[in-house]
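*Asks:* Sequence:
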Amino acid sequence: MRHPFEYALIRLVPRIERGEQINVGVLLYCQQRDFLAARTHLDADRVRALAPDVDLPAVAAVLDSLNRTCAGDGPATRMRLGERFHWLAAPRSTMIQTGPVHTGLTADPAAELDRLMAALVH
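The working numbering puts the sequence shown at residues 1 to 122.
The reader is advised that the hints may include incorrect statements.
[Claimed, not checked] Label-pair distances were calculated between CB atoms; the ranges are: (1) Met1 / Pro75: 27 to 37 Å; (2) Thr94 / Met1: 30 to 40 Å; (3) Arg68 / Pro91: 20 to 30 Å; (4) Thr77 / Asp45: 35 to 45 Å; (5) Glu17 / Arg80: 29 to 39 Å; (6) Arg2 / Val101: 15 to 25 Å; (7) Pro100 / Arg80: 13 to 23 Å; (8) Val101 / Val62: 12 to 22 Å.
I should point out that these hints are in silico values taken from the structure, not numbers from a laboratory. Backbone N, C-alpha and C fix where the C-beta goes; we use that ideal spot for every residue, glycine too.
Produce the complete structure using the sequences and hints provided.
*Replies:* Written out as structure tokens, the structure reads:
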């Protein structure tokens, strides 16, 4: 049985004024399967080609915090999964941003997250 899910790309925008971006992950939420996770991949060579002065360890730390928030660490402990997803997917004016929320149907949210990573990030 397939269930509806929502996802958003996680993007690195090294210089906001230029609008250039690199897809660095996917955030996926499936209410019926009680699933919320982020997968990230920071390709240092791609980032340096676009913005050689980016603080890669700082970016990696922010991406790690997204994963921890999905897992319920920190203040997110008190939030339901859907609240966490929408909080993480809210528009931001920072170097790490999410794109628009998209929807789909899946029988396996974890496999769908892997598929989206392969298609949109790697």
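*Asks:* Look at each hint and say if it fits the structure.
*Replies:* Against the structure, the hints:
The given range of 27 to 37 Å is respected by Met1 and Pro75, whose C-beta atoms sit roughly 34 Å from each other. The beta-carbon spacing between Thr94 and Met1, approximately 38 Å, falls within the hinted interval of 30 to 40 Å. Distance hint for Arg68 and Pro91: a CB-CB separation of about 21 Å, consistent with the stated range 20 to 30 Å. Checking the proposed 35 to 45 Å range against Thr77 and Asp45 shows it holds: the Cβ atoms sit about 36 Å from each other.
Taking the beta carbon of each, Glu17 and Arg80 are about 36 Å apart, inside 29 to 39 Å as hinted. Distance hint check for Arg2 and Val101: the Cβ-Cβ separation is about 18 Å, which falls inside the suggested range of 15 to 25 Å. The hinted window of 13 to 23 Å between Pro100 and Arg80 holds, with their beta carbons roughly 22 Å apart. A hinted range of 12 to 22 Å for the beta carbons of Val101 and Val62 is consistent with their spacing of about 20 Å.
In this structure, every one of the numbered hints holds.
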